[in-house]
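Starting from the structure of chain A, add chain B where the hints point.
Protein chains: 2
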Amino acid sequence: MKNNRLVVIGGDAAGMAAASKVRRMQPDREIVVFERTDYSSYSACGMPYQIAGLVEKADNLIVRSPERFREKLSIDMQMQHEVVAIDRDKQRVEVVDRNNGTSRYEPYDQLLVATGARPFCPDISGELADGIFGLSTLASGIKIQKFLTDNRPQKAVIVGGGYIGLEMAEALVRQKLDVSLVQRGEQVMETLDPDMGKLVSEALEEIGVKLYRKEELRGFETNEKQVTAVVTDRRTLPADIVILGMGTRPNSGLAKDAGLELTIKDAIKVDEQMNTSCDNIWAAGDCAASRHRLTEEEVHISLGTIANKQGLVAGTNIGGGSAIFPGVIGTAVSKICSIEVARTGLQEKELDRLGWKYVSATIEAKTRAGYFPGAGPITVKLLAEKRSGRLFGGQIVGDCCSAKRIDTVATALTAGMSVEDLIGLDLGYAPPFSPVWDPVQTAARALIKEI
Amino acid sequence: MKNNRLVVIGGDAAGMAAASKVRRMQPDREIVVFERTDYSSYSACGMPYQIAGLVEKADNLIVRSPERFREKLSIDMQMQHEVVAIDRDKQRVEVVDRNNGTSRYEPYDQLLVATGARPFCPDISGELADGIFGLSTLASGIKIQKFLTDNRPQKAVIVGGGYIGLEMAEALVRQKLDVSLVQRGEQVMETLDPDMGKLVSEALEEIGVKLYRKEELRGFETNEKQVTAVVTDRRTLPADIVILGMGTRPNSGLAKDAGLELTIKDAIKVDEQMNTSCDNIWAAGDCAASRHRLTEEEVHISLGTIANKQGLVAGTNIGGGSAIFPGVIGTAVSKICSIEVARTGLQEKELDRLGWKYVSATIEAKTRAGYFPGAGPITVKLLAEKRSGRLFGGQIVGDCCSAKRIDTVATALTAGMSVEDLIGLDLGYAPPFSPVWDPVQTAARALIKEI
Chain A
1 MKNNRLVVIG GDAAGMAAAS KVRRMQPDRE IVVFERTDYS SYSACGMPYQ
51 IAGLVEKADN LIVRSPERFR EKLSIDMQMQ HEVVAIDRDK QRVEVVDRNN
101 GTSRYEPYDQ LLVATGARPF CPDISGELAD GIFGLSTLAS GIKIQKFLTD
151 NRPQKAVIVG GGYIGLEMAE ALVRQKLDVS LVQRGEQVME TLDPDMGKLV
201 SEALEEIGVK LYRKEELRGF ETNEKQVTAV VTDRRTLPAD IVILGMGTRP
251 NSGLAKDAGL ELTIKDAIKV DEQMNTSCDN IWAAGDCAAS RHRLTEEEVH
301 ISLGTIANKQ GLVAGTNIGG GSAIFPGVIG TAVSKICSIE VARTGLQEKE
351 LDRLGWKYVS ATIEAKTRAG YFPGAGPITV KLLAEKRSGR LFGGQIVGDC
401 CSAKRIDTVA TALTAGMSVE DLIGLDLGYA PPFSPVWDPV QTAARALIKE
451 I
Chain B
1 MKNNRLVVIG GDAAGMAAAS KVRRMQPDRE IVVFERTDYS SYSACGMPYQ
51 IAGLVEKADN LIVRSPERFR EKLSIDMQMQ HEVVAIDRDK QRVEVVDRNN
101 GTSRYEPYDQ LLVATGARPF CPDISGELAD GIFGLSTLAS GIKIQKFLTD
151 NRPQKAVIVG GGYIGLEMAE ALVRQKLDVS LVQRGEQVME TLDPDMGKLV
201 SEALEEIGVK LYRKEELRGF ETNEKQVTAV VTDRRTLPAD IVILGMGTRP
251 NSGLAKDAGL ELTIKDAIKV DEQMNTSCDN IWAAGDCAAS RHRLTEEEVH
301 ISLGTIANKQ GLVAGTNIGG GSAIFPGVIG TAVSKICSIE VARTGLQEKE
351 LDRLGWKYVS ATIEAKTRAG YFPGAGPITV KLLAEKRSGR LFGGQIVGDC
401 CSAKRIDTVA TALTAGMSVE DLIGLDLGYA PPFSPVWDPV QTAARALIKE
451 I
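Protein chains in written order, with the working numbering: chain A, 1 to 451; chain B, 1 to 451.
Worth flagging that the hints you see were computed from the coordinates, not collected in a lab.
Predicted model, so just to flag it, every value in this text is computed and none were measured.
Don't take each hint at face value.
As the list makes no split between identical chains, a pair holds if one copy fits it or if it spans any two.
[Said to hold, decoys possible] Calculated pairs, EDC-like style, for lysine to aspartate or glutamate (alpha carbon to alpha carbon, straight line, at most 20 Å):
id : residue 1 : residue 2
1  : K256      : D89
2  : K269      : E296
3  : K366      : E56
4  : K176      : E56
5  : K386      : D421
6  : K366      : D59
7  : K256      : E298
8  : K349      : E450
9  : K225      : D123
10 : K225      : D150
11 : K143      : E297
12 : K146      : D59
13 : K349      : D38
14 : K349      : D195
With the rest of the complex left out, here is chain A (with noise of 0.2 Å):
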């Protein structure tokens, strides 16, 4: 195995949760990572978290240090070092130490891209001036705190109403900024229904935030480099700082200068056992396409846990094992405010988009039998196939306890279970925890009468 050199471009989540596993399946392998940041690792989900004051410091968000993976795993963590290139044909890729600026090639026998993904930004006029910021990485997320810290700015506009974007939202008023949000569509967070969003629309605007939806953005204002204004089709905000939450692209521009085939949005296309269109190469987590499990269809979602399941199948299968990546239904939970907001599966645009003949039915109940302290609201809509009652998705809008309830319905959409099949569940009861009918069985039994 000496000679059986696996290189892995970026450590975080999929890199690192591959090189690991190939670490465990093969003790005397060369495993050696090249990480462009000082981070290896971490959790860029908690960075709103993080920046909202609720975890002390970014270090706490870095589930396993570079040196612990070089101490205790053997991996040679290379960080600061960019892969700026792949040649296919010598087995190599050009790495750039950025301490010094110096360039050499690494040769590879397997190689693992996983390149993660960057904030989506539209092709606007002008550069990106100073107090623009995406967040994609820990290094992102640092460097909006220095410049919280730095600038004290006090008009915050967010520009995109996807998680990331509420998240921030939260965050920023949490850290007394005066925020303004700028959505394209509807209702923020069109990964739900509009009647869904509309719920987290007015939770956001109830803790101060400034909503202008059907709104795009034009471009930024600026002076002295220095970002002042967001303009919209609508109107000119002013800004001392801009978040941009319009979700993320995959960093695949590597893999496609080596010839990789891309798919979705640019994405890596990659076979269920996470290998690229070419021999020796895999790739995993945000830079890497998933299978929807549903339509079939190829899609890019950027979610740790995605990455963690990607990095762990291709990490066992370069490894020498045998694992498949089944896919993903596009659960995704997220925490504004004091509201829980879930959804699995496919939504009605989608389902419109596929012509897919469905049925729905939203429901309104309490997350505790009613009489127990704390039992509040929730909404929970259920989508499925008309006539067979198969279920198609799930959203949850709620108080605390509500969203983990979307694993239910995601564990049931995965299985294939009709309504029907969701109402015959036998899932835990207790007052503290749930109405004698779970609410997602609640919303099963309002959607049978209209199957």
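Same frame as chain A, now just chain B:
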């Protein structure tokens, strides 16, 4: 429909779920409910929390009063009426009006037996003295409260460490009583494997409950008809109040006398449509048996959620529709002090009895991302079939937001999923809700190594 008289015996969860369903299906039908207490459709499961002081008054536990059933659903609610005999030949029941002690016959065309369950008490010498209580009805809960207020007992002994026993132990500790608990088995909560039950035993001891494990009830000592002590095979425990928490038995005497077939623990035998062995007679709720979806055996489980589901199925079929109760898998959740407890499927002793080969794994994780405020410990145990990896059961003990994760296991298990399938599920992840691998998936990852 005027001549098609439905008589329901018992006005709690199953009976009223059925009666309400029939009313919605058949607006003109005559529906009579005989209930021997003053209360209809209440949450008996809420009583321990009410006694604990968490729920202001017992009335809050009433989902719908007899008046509401009369007014809104035109159901003839005969309160304080006890059915003492079923005369199948003449299709009538004998009813005693407890207000005046008079007896009369009431005809039925269809009959639903929903007589519930009662606390189990082993056959011990002597009458049950004052101060000894079970907790199966709202009336019994109100009696306990009255006793607590009138008699100001100081020493409580709970006999039996099931859900009711443990919830009452906590309730009485909250009411500042000195609480002992006598448990026949090695650990409390024998629906968990002993290693998981141990965690619950420890939590109880932490709040000050004195545990006497592996001790059997022999009898009670009394003074002027008032209980003064609980006698076990190893000691005599002084007691001003005693709570029986040794599980329940179906109230099936009436059904038995009428010649209805009984089964496990004398529960009324029913088919999937809730038909009993006799024409025109249905049974539902705590008095009836259920089919276990994994073992296909009949089981008796007293739970409000099952009673509601069975009632709905019975009502649908009585009302001329078609519905099936698919059975149970033994899912249960409970909150004892600050810890949450959950279980589903089969435990080790059941698998041993069945001779089914199994493997198990237990892991400790966190309820949220480790760095997120409020991340607490959670222990998850999973059991699966040896070789095939098909899920057999799961058990959870942990902090806030632990218990309802059992629903994921329950759903996966019902779908016949394997441990590998569980690992592949796309479950909700965000730092406030879960580590990147949900704890049930972390348990699955540990278990897959054992298969």
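Unsatisfied constraints (hint numbers, rising):
Failing hints, ascending: 11 and 13.
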